[in-house]
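Q: Each chain is listed here by its residues.
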Amino acid sequence: MVNKLVTDTAEMLEEKTASRKAVVHSTAYPEQAIGSPFVKNPKMSMRNVDVFYGEKQAIFNVNVDIGQNEVIAMIGPSGCGKSTFLRSINRMNDTVDSCRVKGELTLDGEDIYSAKMDPVALRARVGMVFQKPNPFPKSIYDNVSYGPRLHGLASRRAELDEIVEMSLHRAGLWEEVKDRLDQPGTGLSGGQQQRLCIARAIAISPEVILMDEPCSALDPIATAKIEELIAELSENYTIAIVTHSMQQAARVSHRTAYFHLGHLVEVNDTEKVFTAPEHELTEAYITGRFG
Amino acid sequence: MQTANLLVVLLALSAAAYLMAHGRSVALARPLGGIRHLHSLPFFYGMRASIWCALPAIVLLALWLMFDEPVISMVLLDGLPASHQPSSAADYNLLLNSIENLASGALSKDGADPVLLSAAEKLSNLRNTGQLLVTAVVLSLGTLGLGWGWVKVSPQLRARQQVERVFKSLLLACACVAILTTLGILLSVLFESLRFFQAIPVTDFLFGTEWSPQMAIRPDQIGSSGSFGAIPLFVGTLLISMIAMIVAVPVGLMSALYLAEYASPRFRGLAKPALEILAGIPTVVYGFFAALTVAPFLREAGEGMGLTVSSESALAAGLVMGVMIIPFVSSLADDVINAVPQSMRDGSLGLGATKSETIKQVIFPAALPGIVGGVLLAVSRAIGETMIVVMAAGLAAQMTVNPLETVTTVTVQIVTLLVGDQEFDSPKTLAAFALGLMLFLVTLVLNFIALRVVKKYREQYD
Amino acid sequence: MTESKQSHTAIIQRSLARRYRAEKRFRAYGLMAITFGLLCVALLFTDIISKGYKAFLQTSIQLNITYDADVLGISDLNNKQQVALADFQGLVKKSLQARFPDVTGRKEKRDLVSLVSSGAGYDLRDRLIANPQLLGNTETLWLSADDDIDTYYKSMGDENGAFTGRTSEMRQGWIETLKQDGDIKLGLNRVFFTHGDSREPEQAGIWGAAMGSLFTLIITLSLSFPIGVAAAVYLEEFAPRNRWTDLIEVNINNLAAVPSIIFGLLGLAIFINFFHVPRSVPLVGGLVLTLMTLPTIIISSRASIKAVPPSIREAAIGVGASPMQVVLHHVLPLAMPGMLTGAIIGMAQALGETAPLLMIGMVAFIVDIPGGFTEPATVLPVQIFLWADSPERAFVEKTSAAIMVLLAFLIMMNTLAVVLRKRLERRW
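Chains as they are written, first to last, in this note's numbering: chain A, 1 to 291; chain B, 1 to 462; chain C, 1 to 428.
Please keep in mind that the hints were generated in silico from the structure rather than gathered at the bench. Accuracy of the hints is not assured; some may be wrong.
Said to hold, decoys possible - When the alpha-carbon atoms are kept at most 30 Å apart in a straight line, the in silico DSBU-like pairs for lysine-lysine are as follows:
hint: 1; chain 1: C; residue 1: K93; chain 2: C; residue 2: K154
hint: 2; chain 1: A; residue 1: K132; chain 2: B; residue 2: K355
hint: 3; chain 1: C; residue 1: K24; chain 2: C; residue 2: K94
hint: 4; chain 1: C; residue 1: K422; chain 2: B; residue 2: K272
hint: 5; chain 1: C; residue 1: K54; chain 2: B; residue 2: K360
hint: 6; chain 1: A; residue 1: K102; chain 2: C; residue 2: K306
hint: 7; chain 1: B; residue 1: K355; chain 2: C; residue 2: K24
hint: 8; chain 1: C; residue 1: K422; chain 2: B; residue 2: K455
hint: 9; chain 1: A; residue 1: K116; chain 2: B; residue 2: K355
hint: 10; chain 1: B; residue 1: K355; chain 2: A; residue 2: K138
hint: 11; chain 1: C; residue 1: K94; chain 2: C; residue 2: K109
hint: 12; chain 1: A; residue 1: K178; chain 2: A; residue 2: K138
hint: 13; chain 1: B; residue 1: K109; chain 2: C; residue 2: K93
hint: 14; chain 1: A; residue 1: K132; chain 2: B; residue 2: K428
hint: 15; chain 1: C; residue 1: K54; chain 2: C; residue 2: K80
hint: 16; chain 1: A; residue 1: K132; chain 2: A; residue 2: K225
hint: 17; chain 1: A; residue 1: K116; chain 2: B; residue 2: K360
hint: 18; chain 1: A; residue 1: K138; chain 2: A; residue 2: K56
hint: 19; chain 1: B; residue 1: K455; chain 2: A; residue 2: K102
hint: 20; chain 1: B; residue 1: K109; chain 2: B; residue 2: K272
hint: 21; chain 1: A; residue 1: K178; chain 2: B; residue 2: K455
hint: 22; chain 1: C; residue 1: K306; chain 2: B; residue 2: K168
hint: 23; chain 1: C; residue 1: K107; chain 2: C; residue 2: K179
hint: 24; chain 1: C; residue 1: K24; chain 2: C; residue 2: K107
hint: 25; chain 1: C; residue 1: K54; chain 2: C; residue 2: K93
hint: 26; chain 1: A; residue 1: K56; chain 2: A; residue 2: K102
hint: 27; chain 1: A; residue 1: K138; chain 2: A; residue 2: K102
hint: 28; chain 1: B; residue 1: K360; chain 2: A; residue 2: K138
hint: 29; chain 1: B; residue 1: K455; chain 2: C; residue 2: K306
hint: 30; chain 1: C; residue 1: K422; chain 2: A; residue 2: K56
hint: 31; chain 1: C; residue 1: K306; chain 2: C; residue 2: K179
To be verified - Residues from chain C that face chain B, not an exhaustive set, calculated with beta carbons under 7 Å:
hint: 32; residue: H276
hint: 33; residue: V277
hint: 34; residue: P381
Built from N, CA and C at the ideal position, the CB exists for glycine as well.
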């Protein structure tokens, strides 16, 4: 009798935990991302995107637009595929042998993965800033002029100088480094290095800049500077930023996309996402139930 | 007793010491209530005793083996009358040799100098006494050690600490073999070189432009004065090394880059070990290949083009040496290239660089210090390579930078001067050591710089 | 703004073709480099195998040999001096003259006798001593042909015609006769695997050198492995971080890159001239190679000790093991596979080494097969060097064959190392 009671309780307990888990995990992912994933005249549009690493699927049927000159933040718990998604936007995933991307991704209406689209030309139009600052072991000047030189964007030295100065200006680094352009970029502080990488990216005047957790390796002061910079850059550029800091997303972005385990759950105006999330997974994440 | 037998007896003695001390410690522990009342395990008491038994005796034996001959020779010479005292080092060796031969019976005793005969007898006696003496001393030392080890066994004895201290010292001694080796190399080449430089001025050796190491055996001999200007050898060595590097550096570097950056894992898995076969082939095989296949081929090809190619051309030796060094360069370069962080590649590709642009403008410059270090190591290896040049390069010391002609190298001359029977003291033999000293110093400096550079480089990305 | 972006894209597009051409070119260079390296491997192996495979065969000639006591000049087989002085080669001479009775003239006769190896007499002597009742009787025997005949006979089927060299037309005729009668054949070359060196190519074998290599390697392994492991253990587990340790480390790394010939000079000056160890013996060779391989073994042993995770040491220390017990009970057993792999690679390096052994006199011409560590010997690579230097054409074949044997050993050792690493390697 007692035994029976014990097993019963155990079973009940099990059921209970199972159902609690279900609250978070068994919720069907929405067929379409909730909110307003699409915009008018998008800069980039992604339809039915699946990404695989070998046999493993990392991104499931994502549909979203990125508007002209907007900052879109991609948030979500770690391992949710936001970086993978970002890297498939400028075909950085091409360098990973086992990675395959399916679906339709367009930039100004051109198919990114079509045979006609050249990955090199694409990456010149869709620039990228990485998680860890990765200046080349060259001088500051050479770091910034690397892209323009590659692509032949300056025919004279003076033109190149101009591009370098302008890029550093825009990245808010000019005043700090103008006297030591010939010194190695690796000698700068972490925040300066990341701004150098941003200057390097904008030196080739990309149309879109992808930022993959650009502040995760930086201290709060450097982070604040980068965030300020993003706000300024958004006047001229379209920016997609992956971050796992909700505060950062709230501060810098116009729209926010919430990813969960490879699914795009909700896309909305940033304010709305953080004040009135529509999907329970988004709400759970925003309110800190997991993350 | 023969040394080998003596060693066996000593080992048996030390095994006995182990057993006795082990037994005694157990026996002492029993009334106390078991071995946990001992300071250390019985094993350590046993080891301590056997170390005491064997170690001092073996050290003594080793010292004796090292120094018995010089001591005996000294005693022997002291006993000779003034008329027989040797006047020079050459005489000294000659004298000792003849006494030796008399003693061993290799030289007939009939009609030999009576003084030498008595010396030979004395030598035999000295040797016998020495052997006897050392046997007695070694065995008594062993027994004393055994006794000491046995007597000292007590529950309070810190046997484990003592054994471990000896163990650690032995390890340290092994580690110091490396230093002793370097010291040995330095002393042996330096000492003989100094003797060489007493006969031939350093400046003549370093800056002389003629090399013909034939020395007159008798003073009145004509036409073989001998000149020891090493410049032609240096030129020849550099020429062949340079040809080797011209082959090895681009090929090794490009294959490393291709394997690291382009090749599929499958291709890499097949091509890399296949290339490394080249590193496992003995140099004598390369020498054979150079002398019998490459050199004749080059000569015929040269004839076809109207060029005279020597059958021992620098080109043949250099080419084959280059092939030998390919895997060396490529594996060093591979390490270095893989140490460049992936984020560098991402950064460059993300800006729209092609793979080759990334390699040429980001990876290569980033890896440059490491690659330079690797190339320096390769140069040092090319300079010191012996068999290929001995078999495929010539002996004629010519001052030429024409790769189709015959040149000779430092290592070739060392081998030529030292192989065969020579008197050990002639400048000709000593010259080999002077060349060895140059070789050692140059490669040492190259290695030192290269290893430093590579180490610094690695630390940069760690 | 839009306009400038348009022009940017245009500029980039225009340069793309050129940049991709450069990309292709660069890739092609890489592929060419690898192809060149692989081609060299293939060329080396085909060259040596094509030159050497025939050395495993030996031409022999069938003759009726009569052990004529008068020709031999032996009256009593127990008389050692008589047997030693007996003219066994005379038996061969007589038998050949009986086979070709119409040969006259001194030079022709000399040519005829030299169809058969000048070492054949020793074989006949050994046969007679083993079977004393042969004296006065006749037996039919296959005897090794002379190296010139061997070379000629082996090359008879070649496209460019046979290599005649020192084989005159008359000798060619005799060979033709023998061939028609089935009295000349190619058989397995046993001599090559059982004999020591010889001036006569058909009598030369690698067994002596192989034994020399074996004795040398035994010394090398039994010294360098324990010393190397001990040094590695000290440096990894006990060494304090100070200048002395740094010095040892710098020394080891430098020694690994010192030219091998320098170690030969060290051996000559220290072991031979200072300690008076005899020349040409495996003992000195082994000592020199020990010093040479020590850095390799220390470096690889250190790497495998480093690979043992610290958690295991901590666990052992945690239950009260002393540092020595930690090393002996845990670190060494776990690191052993890696150390053994390193040792095998070091031994392979030692087996292929030539230059330092030339310095210590292991280059002497030694016919006898060495029976111990202090008997004069040579080693396989030095034997290859000696034969490569010999003028007789037949030695080219022998050299290549000896190289094949040496390479076979090296490949076996390296395969063993790879297998060992695969089988025993632990992934932490």
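Q: Now look at each hint and say whether the structure bears it out.
A: Hint check results:
1. K93/C to K154/C: 24 Å, holds
2. K132/A to K355/B: 21 Å, holds
3. K24/C to K94/C: 74 Å, violated
4. K422/C to K272/B: 17 Å, holds
5. K54/C to K360/B: Given pair K54/C, K360/B is violated - Cα atoms ~49 Å apart, limit 30 Å.
6. K102/A to K306/C: Roughly 45 Å separates the two Cα atoms, so the pair is violated.
7. K355/B to K24/C: 10 Å, holds
8. K422/C to K455/B: At roughly 29 Å apart (the allowed maximum being 30 Å), K455/B and K422/C satisfy the hint.
9. K116/A to K355/B: 19 Å, holds
10. K355/B to K138/A: 18 Å, holds
11. K94/C to K109/C: 10 Å, holds
12. K178/A to K138/A: 16 Å, holds
13. K109/B to K93/C: Since the Cα atoms of K109/B and K93/C sit roughly 44 Å apart, the hinted pair is violated (cutoff 30 Å).
14. K132/A to K428/B: 64 Å, violated
15. K54/C to K80/C: 38 Å, violated
16. K132/A to K225/A: 16 Å, holds
17. K116/A to K360/B: It holds: about 26 Å lies between the C-alpha atoms, which stays within 30 Å.
18. K138/A to K56/A: 38 Å, violated
19. K455/B to K102/A: Outside the cut-off at roughly 45 Å; violated.
20. K109/B to K272/B: Not OK: K109/B and K272/B at ~67 Å, beyond 30 Å, violated.
21. K178/A to K455/B: Violated. K178/A to K455/B sits at ~33 Å, over the 30 Å cutoff.
22. K306/C to K168/B: 19 Å, holds
23. K107/C to K179/C: 23 Å, holds
24. K24/C to K107/C: 69 Å, violated
25. K54/C to K93/C: 27 Å, holds
26. K56/A to K102/A: 13 Å, holds
27. K138/A to K102/A: 37 Å, violated
28. K360/B to K138/A: Measuring from Cα to Cα gives roughly 13 Å; hence the hint holds.
29. K455/B to K306/C: 18 Å, holds
30. K422/C to K56/A: 29 Å, holds
31. K306/C to K179/C: 67 Å, violated
32. H276: 5 Å, holds
33. V277: 10 Å, violated
34. P381: 4 Å, holds
When the structure is compared with the earlier hints, violations turn up for hints 3, 5, 6, 13, 14, 15, 18, 19, 20, 21, 24, 27, 31 and 33 and for no others.
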